[in-house]
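Q: Can you make the complete structure from the sequences, with help from the hints?
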Amino acid sequence: MKNHQTQVRVRYSETDQMGVVYHGNYVPYFEIGRVEWLRDKGISYKSMEESGIGLPIVSMQINYKKSARYDELLTIQTTFKSQSSVKIEFDCAIYNEANELLTTAVFILVFISLKSGRPTAPPDYILELFKTLV
1 MKNHQTQVRV
11 RYSETDQMGV
21 VYHGNYVPYF
31 EIGRVEWLRD
41 KGISYKSMEE
51 SGIGLPIVSM
61 QINYKKSARY
71 DELLTIQTTF
81 KSQSSVKIEF
91 DCAIYNEANE
101 LLTTAVFILV
111 FISLKSGRPT
121 APPDYILELF
131 KTLV
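In this text, residue positions in the sequence shown follow full-length UniProt numbering: the first is 1, and each later residue adds one.
If you are wondering where the hints come from, they were derived from the structure by calculation, not from laboratory data. No experiment lies behind these values; they were computed from the predicted model shown. A portion of the hints provided could be inaccurate.
[To be verified] Here are the simulated DSS-like cross-link-like pairs (lysine-lysine), alpha carbons at most 25 Å apart as the crow flies:
(1) 81 / 65
(2) 46 / 131
(3) 2 / 46
A: Written out as structure tokens, the structure is:
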């Protein structure tokens, strides 16, 4: 339950003239993974924002191992690593169709009140989820 996988196909607009994915396009791939991780746990990111809670990235570390290429089907693996007070941390990885590791990342996000912009405790329904992941 700590892990979730989703897939995305590399679009032409995400690549350079050589058909290689531009390095900045990995961040949206990882965002897709995190949003789908939440959805898989029954949490709608949209509903969370509508209730006044945001979850911005405060730290990210990305390691590029091998290039993703145009039209490859990528598997984004998102793994819950830890949670403490207002922070949540994920380990992430992207694999190609040959199951070769392309990119790894660590993301730290903070729950904030969209009204004040300040850190806030996660909603109770998310705290309940965290208890099941320990």
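Q: For every hint, state whether the structure bears it out.
A: So, going through the hints one by one against the coordinates:
1. The suggested pairing of residue 81 with residue 65 holds, with an alpha-carbon distance near 21 Å, which does not exceed 25 Å.
2. For the proposed pair residue 46 and residue 131, the alpha carbon gap of about 22 Å is at most 25 Å, so the pair holds.
3. Our distance criterion of 25 Å between C-alpha atoms is met by residue 2 and residue 46, whose separation comes to about 21 Å.
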